[in-house]
Amino acid sequence: MGTLNPNPQSNQLPPGYNLLPLLQSKTIGFYRITVLILTFCSYASFHASRKPPSIVKSVLTNPLNSTSNSGSDSSSNGWAPFNEGGERGTHRLGELDLAFLSAYSTGMYFAGHIGDRIDLRYFLTFGMIFSGFSTIFFGLGYWWNIHSLGFFLIVQIVSGLFQSIGWPCVVSVVGNWFGKSKRGLIMGIWNSQMPIGNILGSVLASSVLEFGWGWSFVVPGVFIILVAGLVFMFLVVSPEVAGFECVADGMEIELNKYEQIQNDRTSTSSSIVLQEESSEKGKEVQCNETNVELHKVDEENEAGLLHTESQYSDSDGVVGAVGFLEAWRLPGVAPYSFCLFFSKLVAYTFLYWLPFYISHTSVAGVHLSHKMAGILSTIFDLGGVVGGISAGYISDKIEARAVTSVMFLLFSIPALILYRIYGSISMSTNICLMFLSGLFVNGPYSLITTAVSADLGTQSSSNGKGNSRALATVTAIIDGTGSVGAALGPLLTGYISTRGWNSVFVMLILSILSAGLQLLSDGNIWN
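With positions in the sequence shown counted from 1, the corresponding number in the working numbering is that position plus 1068.
Calculated from the structure, these hints are not laboratory results. All values derive from a computational prediction rather than experimental measurement. We put the beta carbon where it would ideally sit given N, CA and C, even for glycine. Some clues are possibly wrong.
Label pairs and their computed distance ranges (CB to CB) [stated by the list, open to error]: (1) T1429 x I1222: 26 to 34 Å; (2) E1308 x L1208: 38 to 46 Å; (3) P1083 x L1486: 48 to 56 Å.
Please model the complete structure; the sequences and the hints are all you need to start from.
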């Protein structure tokens, strides 16, 4: 896309552009690519810093294969209070997940509300830095020899609150830069930062696990702080900050249309001049009709080009943000929110318990080490990358987000059944079925948290007027509701797994069915 006319009065670019003047006055395509890369790295680092708890679970409890750990690791016999015999250890691990995800889901609602009202670059950087510090602080419990459950619960709660800042911010920034026509594919590709972040976190945490589980937290924590520096220096949160007048869906078409209007105006003016010999009354009527039509067309195109939202402006012309309850009433927000509740319950159960499940379930008659279980679990995330991109592409092609989501949900049921029954036959079978499970489970989860949230956040409100300032709020509502399910899934798994893993998979399948019913029961979103 070519360069749009910049606003010479704009001087709001992040400090990195002042240090590197060559990056200024670039095309809109340059800024879009930069935004995609920075937000991708930002949220990938968020997910990388969430992964350590799932990697160290099998080390904190009484490990199945204590010989797989370093003999010098004092945690080879587990780590109190998580290594208590019987069911208590896994219960406390589930409570640890609940503490983080409950705080995360609660903070999500507030983060979206705040994100619509302050500079997203500052807010996102703040969340990343303190997320990193809280992750590191959890790991310090290893060297400080802390065995208090309260300490770990408090750290997880604080970490969840800071982590909740990330998603509403990055989705809002990307939504500011991209229109709706190819949003599903673009955001499907972009949303691969979640599984890629999980993979990166798994590799980082697993690679240093043999030196002590504390390092599995410190390394991802330092990583997210470093990425926060790049975000602060270079993230441009909206086209207006870069000096562009607008970025709207189908911009190139709109520009051509505007030029055609100008040509039509010139032709019309010539026609008026040639008809000067006509009666004064006829000429006046023609001019008035022409001016009315041109005025209407100019207004329509100005709305498309400048993306104005004066209907939500206050007396000073400042665009106001949509309220929390009003955002809930937007069409599709409630059913998609509850669909994500169950979808995220399934996805986060795998996120937090899959390495533990692999290490406690034999593959071809062999129990894998904690490190190998963590690395093997990344196959599920690789499937999630393909699933997110595929769901976005299909939803763009058929122009139906709900149909695509339901289709993936239905296919995920046989995938999970096959993985549970046949995943232990051989390593190759385990990898293939785990990949398919990740593909179908993460497909609708990825689609709803990105393209669907952006669509719903920029649609018309209950009073019939659109407002893109609802984007972060709607995103927070949908993902915040989903995060309640994400908190419930790992907690239930900690309790249900003591009765056998078949019970856990039954819970996951019932959750998937419930997610599909949320969309099937609301006929409006099928339109």
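We went through each hint and held it up to the structure:
no.	hint	verdict
1	T1429 x I1222: 26 to 34 Å	holds, 32 Å
2	E1308 x L1208: 38 to 46 Å	holds, 42 Å
3	P1083 x L1486: 48 to 56 Å	holds, 52 Å
Of the numbered hints listed earlier, not one is contradicted by the structure.
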